[in-house]
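Q: So you can see what is in the structure, the chains are spelled out below.
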Amino acid sequence: MNKALTRVKAAFGNQQILLLTVLVVMVAFFTSRNSVFFSNAVFGNILSDWSPVVLIAIGETFVIISGGIDLSVGSTVGVSGVVGAITMEGMTNHHQGQNLTLFVGFLVTIGVGLLVGIVNALMITKAKVVPFIATLVTMGAGAGLSIVFTGGDPIAGGPAKAISLSVPDFGPFSRPGLVVVVIIAALGVILHKARFGRYTYAIGSNSFAARAAGINVNRHLAKIYILSSLLASCAGYYFYLRLGSGAPTSGQGGELQAIAAVVIGGAALSGGVGNFFGTALGALILTTVTSGLIIINVAANWDQVAVALLIAAAVLLQQYRNRVRK
Amino acid sequence: MTLGSQVPLYEVRNASKHYGSVVALDDVSMKIHAGEVVGLVGDNGAGKSTLVKILSGAHQPTSGQVFLDGVERHWKSPQDALEAGVETLYQESGLAPHLSVSSNVFLGREEYIRGPLGKLGFLAQKKMDRIAHENLEKVGIAVPQSNRSISQLSGGQRQAVAIGRAVSWAKHVIILDEPTNHLGARQAKEVLQIIKNAKAQGLGVIFISHTLPHVLEITDRIVCLRLGKVVADAPTSTFDAEKLLGTITGLIESK
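The listed protein sequences derive, respectively, from chains A and B.
Residue numbers for the first sequence follow numbering that gives the first Met the number 0, so the first one is 0 and each next one is one higher.
Residue numbers for the second sequence follow numbering that gives the first Met the number 0, so the first one is 0 and each next one is one higher.
Chain B on its own, in the form it takes in the complex (with noise of 0.2 Å):
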């Protein structure tokens, strides 16, 4: 691939994150470019949730600096993330159960009424549910009816209406936080193809999984943690499934 001697589309460069004595991560670096699918991999406690927590702007850095584009940025919150293009979908469900599919979609983006009404917030809600239904559409996501609630689908469904939200708002980088995590097969070959969309549309995807065959189908390369350190940054075509779990553990040194 040629894409290292472009300018990443989102860095982290020697972060470090201190909570009191504790050391969650370690002058931790990390590239993403666009069109470039990142695993982003490592055991319970390695520092991923970290990592995402300062890319997604939730957490500030306690050292070291983030690059949108090749433009230091510092994230007070995730809305000045989501602002700039990256978005993030969490582990923790990140959809609201009792309201409908496009109100999700719009969540927090909303569309309003035109004059007055609308600048006092008055909802254009006939709206949102044709944009929401072309959105998902267009990342390959079939949901019956937009303004059917979130607590009425399945969770395989579920999963892709919050997916296909990430993927539709993303400019840029879209972090995924085990996205595949309690879907069957035929689901999560879904989201895996969503995933290969947004890929091809150009965006950078950060893929945080714990499913191993996932990772090494998907990515174009894996950042590894161990301890809050990075001991693994290389092609996914490098590894196969027992090296990859051998530098999770710590079994195989591969710096």
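For reference, chain A alone in the conformation it holds in the complex (with noise of 0.2 Å):
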């Protein structure tokens, strides 16, 4: 009786597991009721809802481990998204090639995430603004000047080959979402592997003691909002290749489906902890929510519903792993 009781304790203690334990029982169920479930097509869907906010929630995940929060990620996507898109519908209306309009497009996507996350940088480590209070500021004025760019409207009328990029044809990936991909694995092994992760837990950790090894902190933490900040943008290019279009609505609550992800991953807010196959299964998680929601025929309000319910049982779960180290 004891060493079940030992075993499971084990088991939960290890957060990956339960993650996927957590995605194959919601699998399972949704595709009790509704067998369309189980397809490719839904698969791919899914995978495309999950690479933007993935893309997100890995730089969210740098941010939380550091022991600050990131709020702009959202308005991020939609105020890069829509520039890019505004550049983009200019050149191709002064007849410039697709190829070379979606690459400069690119460039002015993640221009605006750098800016972003250099404003950030600066407020934090220069004028020593609390990260929610600076990013707070940012959320605000990104989703605000959105709108400002486009009257509140989605711009479209950039090349018309975007769209067509965003086809599933590596199985349920897109070429954009392979990109993607490959990109936060690469950033995972950074996390886990590299010097940059490594400060990252130390600062989060205990920022005194990385200072007194000698590591700059505020030069590192910089880094990470700039990061994260462009990790946005490129949401908001993801977005912009799968609608063919700017919203200002796109990436709207991202900050919250990134938060959430990271946490529901098993990190904590307070810093030091986390890991990048908790928040790429978190993230799995939260997008699997909403596509089966609404393919059971469960009204759509109802998915915010099941995300605050997956991250209270997380956060209760890592206050119970908590109290059984102590």
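A hint or two may mislead.
[To be verified] Cut-off 16 Å, straight-line C-alpha distance, at most; resulting in silico cross-link-like pairs (EDC-like, lysine to aspartate or glutamate):
(1) K192(A) with E109(B)
(2) K192(A) with E110(B)
(3) K170(B) with E82(B)
It is worth saying that the hints were derived from the structure and are not from the lab.
Reassemble the complex: the two chains are provided individually, in unrelated frames, and hints are given to aid placement.
A: Written out as structure tokens, the structure reads:
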């Protein structure tokens, strides 16, 4: 009896196995309610929903492990996407080639991300504004500017080729989807195997110790916030390719999805804890719930309730584990 | 002792530190020789922390000089002092609890894998685990596994790792700010033994503590601060517990 209990506890200790179990149970449940769920088309759809969420969630993972928070990622998706879209619409109107337009559009989009990241980094490391407030400021400014730039309507009229790139031609993956997988895998390796990740954990765990060990804490934090915004703008470009337009509303609520994915993945908002696979699975669970609820005909509004319940379950589990450890 | 005639290993000369109109340190001089343990004592607010910050490179003195091996140094950051071989163990824990023992030992001094990936910052974790274990053993600390996280260790083990890290990296001087605080009697004894080993290796040790029996047991010389000034600097053999307490509180004027 006691042995079984320890075994259960050990299993619960391994967050990834638990998350995989949750995922499998969810897939089984949704399939049992509507067999259409278990199909390449639905999995492809889930993966293309997952790609932008996991992009910003991986950035948020670095931020949260370092002990901070980035609320601006959602609105950065929107504002970078619309600025890129306006650029590409303009270039298309001036009869520029599609490939060139897409390339310049990409640079402009991530340029906006870079700008937001620099503003966040300066506020946090130079002006010593707490991350919550600093990124709340850029979150509001980004969302407002997206509306100002577009009047609230999506910007289409860019290269016609864009949307054809997002066809899933690698199993359930599209080409942009594969690029996302490569990007996040590289970041996962950096988080767990390289100095950049090690310093991220060290700062979140004990920034005093990190500083005493000679780590330039401010410079590292600046890089983390810039990385987070850059990934958000990559998600903005991803939405552009998927929809063929830049909408001020894309990315709305993205910060909450990202934070939810990171927390479900086992990270602690107090810093020092979190991991790549947890976040990737957390994001997959979120997008699976969203798709699954649509397919089994539950009103879309329940989606947010389901996400809230998942977060609550993750936080409760974390507190339980902390108590077990003590 | 014949130490007095040699060039001091580490020296601060006529250091003052002002915070606005507050004078935290007033014309303080202090010397540490190789293989010597110097106790730095004083009541709260006497200026010990300020002096430690100047010695460790965290703060710059308003006026005064710092010499390492007879050469004047201007620390701009703790990193400068670390690279020159001056290690500091701070009172607030200097360890990252979520990281492993070896990651903490190597924090800021990581070893990288060979080749281009190493240049990109990829870590040679196994190598660090092994060397951390060896280095800690060398200074007299038996940590079960160097890949365990610090949060899984007891308070005494954590402190031992923190001191072991500082001792194993220190090339010249090691500054220990309250290293025996919050430790049980046996653990404190182990820490004092590590300090004796460091002294035997020829390191200069600055030992800051409120625990006067430890100061009397481990140090060769005691420097006492009061209200930002040095009020005593004498061999430990000239003190007993009563006199040391009297000097700290100012009930005995000994300068």
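Q: State for each hint whether it applies.
A: How the hints compare with the structure:
As the CA atoms of K192(A) and E109(B) are separated by approximately 12 Å, the hinted pair is consistent with the 16 Å bound. With a C-alpha separation of about 12 Å, the suggested pair K192(A) and E110(B) falls inside the 16 Å cut-off, and the hint holds. The hinted pair formed by K170(B) and E82(B) meets the criterion: a straight-line CA distance of about 9 Å does not exceed 16 Å.
Checked against the numbered hints listed earlier, the structure breaks none of them; every hint is satisfied.
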